[in-house]
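Given the coordinates of chain A, assemble chain B onto it according to the supplied hints.
Spelled out, the chains give:
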Amino acid sequence: MVSPYPESTINPEKIHPVTEYKVPEGKLELPEFYNDVRPLDQVTEVDYYMPGCPPQTERLLEVFMAIVTGAELPPKGSVIGALNKTQCDECDRKKSDNKLIKHFYRPTQIQDDGVTCFLEQGVICMGPATRGGCGYRCIKGNAPCRGCYGPSPDVTDPGAKMMSAIGTMIDANDEKEIEKIVATIDDPAGTFYRFSLPGSILRRKIL
Amino acid sequence: MKRITIDPITRLEGHGKIEIFLKDDGDVENVYFQVPELRGFEKFCEGRPVEELAQIVTKICGVCPGCHHMASGKAADAVYGVEPPPTAKKIRELFYMAHFVHSHIAHFYALAAPDFVVGPTAPAAERNILGVINKVGIEIGTEVIKQRRIAQEIQALLGGHQTHVVLNIPGGVRKGLTEEQRKDIEEKAKGFIEFSKFSMKLFNDVVLANKTYVDLIVNGPYSLNLHSMGLVDENNKVNFYDGKVRVVDTKGKELYKYAPKDYTEFVAERVEPWSYLKFPYLKKIGWKGFVDGQESGVYHATPLSRLNAADGMATPLAQAEYEKMYSTLGGKPVHATLAMHWARLIELLYSSEHLLELSRDPEITGKELRTPLTKTPSEGVGTVEAQRGTLTHHYVTDEKGIVVRANLIVGTTNNNAAICMSLKKAAQNIIKKGVKVDDGALNMVEMAFRAYDPCFSCATHHRPGDMPLILIFRDSGGNIIRTLKRD
Chain A
1 MVSPYPESTI NPEKIHPVTE YKVPEGKLEL PEFYNDVRPL DQVTEVDYYM
51 PGCPPQTERL LEVFMAIVTG AELPPKGSVI GALNKTQCDE CDRKKSDNKL
101 IKHFYRPTQI QDDGVTCFLE QGVICMGPAT RGGCGYRCIK GNAPCRGCYG
151 PSPDVTDPGA KMMSAIGTMI DANDEKEIEK IVATIDDPAG TFYRFSLPGS
201 ILRRKIL
Chain B
1 MKRITIDPIT RLEGHGKIEI FLKDDGDVEN VYFQVPELRG FEKFCEGRPV
51 EELAQIVTKI CGVCPGCHHM ASGKAADAVY GVEPPPTAKK IRELFYMAHF
101 VHSHIAHFYA LAAPDFVVGP TAPAAERNIL GVINKVGIEI GTEVIKQRRI
151 AQEIQALLGG HQTHVVLNIP GGVRKGLTEE QRKDIEEKAK GFIEFSKFSM
201 KLFNDVVLAN KTYVDLIVNG PYSLNLHSMG LVDENNKVNF YDGKVRVVDT
251 KGKELYKYAP KDYTEFVAER VEPWSYLKFP YLKKIGWKGF VDGQESGVYH
301 ATPLSRLNAA DGMATPLAQA EYEKMYSTLG GKPVHATLAM HWARLIELLY
351 SSEHLLELSR DPEITGKELR TPLTKTPSEG VGTVEAQRGT LTHHYVTDEK
401 GIVVRANLIV GTTNNNAAIC MSLKKAAQNI IKKGVKVDDG ALNMVEMAFR
451 AYDPCFSCAT HHRPGDMPLI LIFRDSGGNI IRTLKRD
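So the protein sequences, as listed, match chains A and B. Residue numbering for the first sequence is 1 to 207, as defined by this note's numbering. Residue numbering for the second sequence is 1 to 487, as defined by this note's numbering.
Chain A on its own, in the form it takes in the complex (with noise of 0.2 Å):
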């Protein structure tokens, strides 16, 4: 499978760093790895929830305004910071009610419009499952939305949620054509779970 591939690290000893090791002078630590990655709700009691990998300037702002002008705060485990809509009602691409894909494509496959839906352009953007309130830059930027922002309001699973949406645009009826057009989509668990695998029904969700 592996390619020859040239290796940076020289390492014929096989050397694993170890949480405790004796060195002349003393003992020194390091903390052990888990075989897991858990979202932060499952490791300790979450007040509220501030959506962005980081949060948008203009949210922090609302949020810090909230606190120090001693506004009424929201219910504790509330999603703060961001709106109460998903990307595509913010988004300003433009967009047909008549979204039908018969192939998908990788944004290096098709030369974007820079104007048009990218779902319609047949591109995965997250859009539909992602929670507004970046101020959709990345599609500003011509590249679609992966969903850093975190699931839409009402969405638990945006993984789920994205394959439901994908699901409503295929424009076939024949169950041999519909796995050809769903076989294009390149890396779906990748693209669909980018920054919320850890927390899906897939894993090891606790509900």
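By construction, these hints were calculated from the structure, which means they are not laboratory data. Misleading hints may appear alongside valid ones.
Derived lysine-lysine pairs resembling BS3-like cross-links, with alpha carbons at most 25 Å apart [as the list claims (entries may be wrong)]: (1) A:LYS27 - B:LYS23; (2) B:LYS432 - A:LYS27; (3) A:LYS140 - B:LYS183.
This structure is a prediction, so every number in the text was calculated from the model and none was measured.
For chain B alone, coordinates are given in the frame of chain A:
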């Protein structure tokens, strides 16, 4: 044996831990700089379409995401065997100069200046960006924040998202410039040049005019005899976006000059059981341990090493400052770790000048932004200079362009062994028997790693200048004898 643990140190992206072991008389026996985390990017890049990586790797860090974006974009071009059109290359470089302006301003004013403008042993409460503003005045403080913001705006204009940019796509860029935008950037670049000149003057007035500081830079415990690495253009001038990697030895003589794709012939990485971060070294010399000098394989990749490795700067004002630095510090190469701050300011001036040149380039508003992809993707290397050192991304893909292996050698990683050694040297000279280890002494130790500008997300984690530290002094039985806290 007593030990001092500094954990966490926070002025770097992620985490770091310093273990200082003391002899019974209070002198320093040894120092270990440990990186206790592992991000795993190389692993989870596997299976992703190669063009997605430029958007994924920016999430490594909020300080130099643009560098990873550039290295990734160039590696993906190489995977497809494609050259972007001239306009696309120039837009990338223009973006990249703005990225350098923003990052170098942040490091100098927020992270480095407190040690010089306010003073290395000033009270911790004043040794921060607010202390700097207090000293230099509110107008200048406002100007610092304004110029950095303008640099961010240029990045957002071209890259969509101002932090995690989306500019690059294999074969070119996603967005071009209009004439109106070009003019606006031209004006902003002029402002950067004025601000860079001002910063240079500030450094002259505050640092170079102060004998104590010059003595600290030249004769302080902050020098290592290391080989120097940096990207150079066809005239051996410093270049951040493209060129060949040049390595000069501790005496300034060229050791190697190689195309980035050949990096594995020249650089190797070593694993130590006590750190998650690897230790790169010059492969042809080999690993000789944590030692400096001509016989050692340890090198550094920093603003200073870039200037050491090049024959000069490609722009006139920066070139004049380059000459001044070397004549003041006794010729090339310079081994004073703290001179990295000076070199960083010279680079700020170069970035501003080059940004202006690019904004006036007739091709910058061209309409041809992408070269079509016609070859089967396979393997590619992309190298740029990150603010914190030479950055290399190397991808191998299948015939559909899905990544099967990824190898990254990151800016700060180059300097892992050098940072360990700098910390040891500083600690050995500052923490001695009979010397009270107070906050000021600790800061003097920290200045050793701060010069390298290890990635630190100053906007998101901690207030600059305020490092929460806990020092635990233990006796030879491991019992705590004294705890020093700073939070």
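- Take a quick look at whether LYS27 (chain A) and LYS23 (chain B) sit within 25 Å of each other, Cα to Cα. Holds. LYS27 (chain A) to LYS23 (chain B) sits at ~15 Å (cutoff 25 Å).
- If you draw a straight line from the CA of LYS432 (chain B) to the CA of LYS27 (chain A), is it 25 Å or shorter? Satisfied, since the Cα-Cα distance of roughly 22 Å is no more than 25 Å.
- Item | Hint consistency between LYS140 (chain A) and LYS183 (chain B) [alpha-carbon to alpha-carbon, up to 25 Å] | The given pair, whose Cα atoms are some 21 Å apart, holds under the 25 Å limit.
Of the numbered hints listed earlier, not one is contradicted by the structure.
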